[in-house]
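Student: These protein sequence lines are chains A, B and C, in that order. Under my numbering, the first residue of the first sequence is numbered 1, with each subsequent residue one higher. Under my numbering, the first residue of the second sequence is numbered 1, with each subsequent residue one higher. Under my numbering, the first residue of the third sequence is numbered 1, with each subsequent residue one higher.
Take these hints with a grain of salt, some might be off.
Below, in silico cross-link-like pairs of lysine-lysine (DSS-like), each with a Cα-Cα straight-line distance of 27 Å or less [stated by the list, open to error]:
(1) C:Lys16 - B:Lys187
(2) B:Lys204 - C:Lys117
(3) C:Lys117 - C:Lys169
(4) C:Lys122 - C:Lys169
(5) A:Lys132 - A:Lys201
(6) B:Lys187 - C:Lys117
(7) C:Lys122 - B:Lys27
(8) C:Lys16 - B:Lys128
Beyond 10 Å from chain C on every Cβ pair, some chain B residues (computed) [to be verified]:
(9) Leu48
(10) Leu50
(11) Glu59
(12) Ala69
(13) Ser145
(14) Arg177
(15) Asp264
(16) Pro265
(17) Asn283
Reference excerpt, derived from the structure (chain A facing chain C, CB under 8 Å, subset only) [unchecked claim]:
(18) Asp195
(19) Leu215
(20) Glu220
(21) Ala239
(22) Arg268
If you are wondering where the hints come from, they were derived from the structure by calculation, not from laboratory data. Ideal Cβ placement from N, Cα and C applies to all residues, glycine included.
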Amino acid sequence: MEHLLEIKNLHVIYRGDEATVHAVNGLDFTLDRGATLGLVGETGAGKTTTALSVMRLLPDRIGTIEEGQILLDGIDITKASEGDMRVLRGSLVSMIFQDPMTSLNPTIRVGEQVGEVLELHRKDLSKEEIEKKVDEIFQLVGLPAERKMDYPHQFSGGMRQRIVIAIALACEPKLLLADEPTTALDVTIQAQVLDLMQELKEKLNTSTILITHDLGIVAETCDQVAIMYAGEIIEIGLAEDIFEAEDHHPYTVGLFGSIPDLSKKERRLHPIDGMMPDPSDLPSGCKFHTRCPRAAEQCSLQAQPLYQRGTHGIRCRLYADWEKQQ
Amino acid sequence: MENTKTKEAGGMPAPTKKNSQLKTIGKRYLKNRLAVFGLVLFLVLIILSLGAGLFADYEADAITHNMQARLQPPGADHLFGTDRYGRDVFARVLFGGRISLLVGTLTILISLAGGSLIGAAAGYYGGKVDNILMRIMDVFLAIPSILLAISIVAALGNGMMNLMIALSVSSVPRFARIVRSSILTVKGQDFVEAARAYGCRNRKIILYHILPNAIGPIIVQATLSMANTILMISSLSFVGLGLPSSIPEWGSMLSEAKEFMRYDPYLIAFPGIAIVLAVMAFNLIGDGLRDALDPKLRN
Amino acid sequence: MATPILETRNLTKYFKTARGNLHAVDDINLSIEKGKTLGVVGESGCGKSTLGRVILRLIEATGGEILFEGKDLRTLNARQMEGMRQQLQIIFQDPFSSLNPRLSVSEIITDPIRTNKLLTGKAEIQERVVELMHTVGLSDRFINAYPHELDGGRRQRIGVARALALNPKFIVCDEPVSALDVSIQAQILNLMMDLQEQRELTYLFITHDMSVVKHISNQIMVMYMGQCVEVSPTEELFEQPMHPYTQALLSAIPVPKLQRDRKRRHLVRGEVTSPVNPLPGCRFAARCPHARPECTGEVIPLTERGPGHFVSCVLPVR
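Only chain A is shown next, with the shape it has when bound in the complex (with noise of 0.2 Å):
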């Protein structure tokens, strides 16, 4: 069992009142070990649900993971009940959001909120035990461990975060799976946090999936790469794959040709045309096709599956040469 994550033919839909949204549509992936996985794409791809399917914590009766399989350390979560779920969370797998001002208790000393963690999957340890791990963990985020008697709103954006990343952190869980942990920042606090993640990954060997709209953290980050438009990977391959190889799909060259370049001196930006299409109404074949400068007739009549050459897949018509998956 190398392989720390791996999931199958996921999908996951939203029932609304008037429309079904289909989230994510048929995702395979697989996460190694002390990987850090980039899950990159643009509102409404499906990362964020993705990492909630994984959480089990989408939201009741309305997102449903329809099929699929999700084995986290062999334990299929898909099948786990939801007692067994609460002890997965924060032990094996915990997750950080986005905005570190609403993911705090306001009410709570941040003290009290790590320890909280701790106290829920550590059964073993004593009351001291536990004020001395909060200590430890404070270091280790860079905290001054004093500050744990201090409220939430006592701390600025970045220390806020530190904390969130202290909570995930504190069971030493498997995978981390970090929801834009660093757009809510400033560029300046944003390397900060990031090299603090780097640095705690390699310290506790954890696994982390980063799901980022920022290729540049990508590149800085990570080294497994998955490119996620309308619900599905139409990318995905080691970080050279992606930033160093020629062949890619043309929704990721028109990714790469929306960032502004600070090396090039063109002022044009290269944008992909029109909108991400509608998840509750999704085009047939390639769900690209519609905005893809590459598109041809075959593109709307047939899905795409995803070709694969050594560790790069892409799931585009242009790359049927390679070889099939499935």
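Guided by the hints, dock chains B and C onto chain A, whose structure is given.
Tutor: Same frame as chain A, now just chains B and C:
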């Protein structure tokens, strides 16, 4: 220019052509079944009380004492029975509706207008204006509203007009508070700043940009106050400061029937049901209006 | 050198707080030529948004001058200012709170036209609205849509159309693309650059994103705790950033390229505090890796280190 134009990706239907704003709001309201029910209920109550003369005679049935027929249970002669003076409860409930519904509705409208004005000014201008207006409102709020109403009626004298003034004055502060706080949340949004940036005057910003966005909680407060107002009328009548007790009115009928609750519960039931129905109609209409006025809730 | 369309002289805005005066905008001198873009960068709380609003007199300044085409806006009375507002517009960051949810697209774009009585006939106004929608790349089938029915990119286009409705000369762009997805961000940036070319618009472009600002600006001003620490032509700033804060900002940007032998970033310690009753001297000194005794105690003026490149730092050029 070509390349800045976007191809519109499929999926989003073009919104239908808009008629007039009022028409769309009306249409949206009519789609809401409960709201329509509320409106129908309200209209039925209005028609029944306005057309009360068709079913009964005001003087003979609702005012004149008829001691031979006192405290008769509901039956064929008297649909809702008679009260302790032998007056027909059915007739009194019908005629009473005129006053309860009229005074109630007008009072709410007056205090809504007054409260919105004061609250909007306080919330929008802030600073000194806010402080002065809201401290005055606080003074009013500090006095129990019933006492306030009593003292106003006592000062102005009995009568329907004075009753409405008293009730309005005592509920204005509550409206002002709610309007002010909803104005404050809307005021901070960028579109208000945008309107200032293109030269909108304050009055227009308040009326066109801010108030319509703050309407939800205001309407809810208005419909909830309705019940309160009907009961206030009765309390005032009860202490002899509203309308003379001979004049039929739901609230005073209720308080009169209290003593007979044990043996003649129908006396309290009928005006009670009438009040409940009126309040329910108002609440449903209020909810419907709030939703119809909000384009976000449109299907 | 061409005469600037907009200049500020010693512009300041202090907010009174319980702990003292918060120097949100402190002694800012800037000048923008017609048809050019000045980028203002800095982290949250550095006063860049306040600066934009103070220039438009949406917030009243505490002191200084705002010269628009040579006229000091601060000397105008309310009526005169109303007349000027047509020429000075603003585009906001949040495409959700910047549009009135109760108004349809056409009502949103029409309101500035009606308010300023630019056009009066119903048909004329309608025609103008459609024209503006096309200008910003919006299909006119959305004319009766409400903002919540549209996605972020389209909403931001409406915000641009509303600003353009009055044919302004100068637009404050307050993080206009920060809330958008990258592919949409690029569409809006391209649109704004096209409009600038066609209409000789002048932008004050406020952002925290160094790569966006590089792309669109001719000149960049870096703000830190209410003050300007460095101002320079764009190319020059990226080639030779001189203030340690600018260097830190630049090195903190994640670059979408793999760098195996990545050089260590200039990580700065600590975080921004708010400039309440600040002492004279460099406000960055507490976080600065090169801080020395002379950094504090005295006001450090902006000095010219190259053509048009001003820096407020005691360090010699390296």
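Student: Just to be careful, I want the Cα atoms of C:Lys16 and B:Lys128 compared with a cutoff of 27 Å; is the pair within it?
Tutor: OK: C:Lys16 and B:Lys128 at ~16 Å, within 27 Å.
Student: Mind verifying the non-interface call on B:Asp264? Its CB should be farther than 10 Å from each CB in chain C.
Tutor: holds (52 Å)
Student: Regarding the assertion that B:Asn283 does not contact chain C, is the least Cβ-Cβ distance greater than 10 Å?
Tutor: Check passes; 23 Å lies beyond 10 Å.
Student: For the pair we were handed, C:Lys122 and C:Lys169, check the Cα-Cα distance against 27 Å.
Tutor: Roughly 26 Å between the alpha carbons, so the hint for C:Lys122 and C:Lys169 holds.
Student: Against chain C, run the beta carbon of A:Glu220 and see if the smallest gap drops under 8 Å.
Tutor: holds (5 Å)
Student: Holds or violated: are the alpha carbons of C:Lys16 and B:Lys187 at most 27 Å from each other?
Tutor: Given that 27 Å is the threshold and the Cα spacing comes to 20 Å, the pair holds.
Student: Beyond 10 Å from every chain C Cβ: check whether that's true for B:Ser145.
Tutor: holds (32 Å)
Student: Given A:Ala239 as an interface hint, is its Cβ closer than 8 Å to any Cβ of chain C?
Tutor: holds (6 Å)
Student: A cut-off of 10 Å on Cβ-Cβ distance, and B:Pro265 was said to be off the interface with chain C. Does that hold?
Tutor: It holds; B:Pro265 is separated from chain C by about 48 Å at its closest Cβ, greater than 10 Å.
Student: Just to be careful, I want the Cα atoms of B:Lys204 and C:Lys117 compared with a cutoff of 27 Å; is the pair within it?
Tutor: holds (14 Å)
Student: Hey, does the A:Asp195 contact hint survive, CB to chain C under 8 Å?
Tutor: holds (7 Å)
Student: Would the non-interface assignment of B:Glu59 survive a Cβ cutoff of 10 Å against chain C?
Tutor: holds (51 Å)
Violation of the numbered hints given earlier is absent; every hint is satisfied by the structure.
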